Amino acid sequence: MENKEPRKNEKEKTIPASRMTAYIGVFTALALLLSYIESLIPVFLAVPGVKLGLANLVTIVALFKLGVLPAAGISLCRILLSGILFGNLTMILYSLAGATLSLLVMWALKHCRIFFVTGVSIAGAVAHNAGQLAVAAFLLENGSMFYYMCVLAISGAVSGLLIGLLAGSIIRRIRI
Amino acid sequence: MCEQRENVNRTRLVSRADLILLAVVLLLAGAALVFYETHKEQGKLVRIRVGSETVEVLPLGKDRTYEVKTGEGSNTVVIKSGTVSVESADCPDKICVRHKPVDSVGETIICLPHKLVVEVVE
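Protein sequence lines, in the order shown, are assigned to chains A and B. Residue numbers 1 to 176, in my numbering, belong to the letters of the first sequence in order. Residue numbers 1 to 122, in my numbering, belong to the letters of the second sequence in order.
No lab work stands behind these hints: they were computed from the structure. Misleading hints may appear alongside valid ones.
Chain A regions said to be covered by chain B (calculated; three or more residues, Cβ under 8 Å) [said to hold, decoys possible]:
#1 105-116
#2 122-132
#3 147-155
#4 162-169
Since the structure is predicted, the reported quantities are computational estimates derived from the model, not experimental observations. We put the CB at the ideal spot given by N, CA and C, even for glycine.
All chains, full assembly: derive it from the sequences and hints.
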């Protein structure tokens, strides 16, 4: 709302704590809603884990607009809340592993100047699937998950591309 | 208004590196999948495990139904005409039930909530 505020480099701009709190709340609510919508979409394919990753949209926008710590906080809240509301403990564990790895990779790639939001999103989606699969391999002590990783890498890349383009369009347009 | 438009134009959506990343991931995974598909061989046995513990090994050649009961719940594993599938389960997500029947060495059907692994072996 405050248009007169001096606008220098967007990334350097610090957001006042009160606004940040409000943003985190709104973003978390949005992420939770998208998680729920995603859970309503049936699994089309025979391979588990193939999904759109709608909630990642919020994480990416938060990562680019608010910073890595708020994005991590939003992810954590979203996973805990959606796990408690619609899932179970195992689901929380898988989501946490995926989200942590995904956010770390996205953060790292965001700092490489050569990648834009789409690349960050693709890498994040693939990392998310890899993290979940790593937990599954660990819990089940099953090494033969090579096939899943290939399928999940492809599906992650495609959904990451879509979500990345969408996130990029959002990041361009919203002003925080 | 003008300021906003400038802001919109400042961020490009896709960089060359993004496209290269996408291509590399798709190519690697695609190549690995093709390799996997061309090198798979028909399995002879089905190993049913709960966690790390093998509970049953069944021949893939003989049709039968096997009920797996764990502390978490039960799954009905069905072997039919050389393929194995999970017909029904009382797990919350039913991913194992939706999984396509498998018959090649190394293929698995996994029920994460029940820590059940149905694996085709030689």
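We went through each hint and held it up to the structure:
{"no.": "1", "hint": "105-116", "in the structure": "holds (count 4)"}
{"no.": "2", "hint": "122-132", "in the structure": "holds (count 3)"}
{"no.": "3", "hint": "147-155", "in the structure": "holds (count 6)"}
{"no.": "4", "hint": "162-169", "in the structure": "holds (count 4)"}
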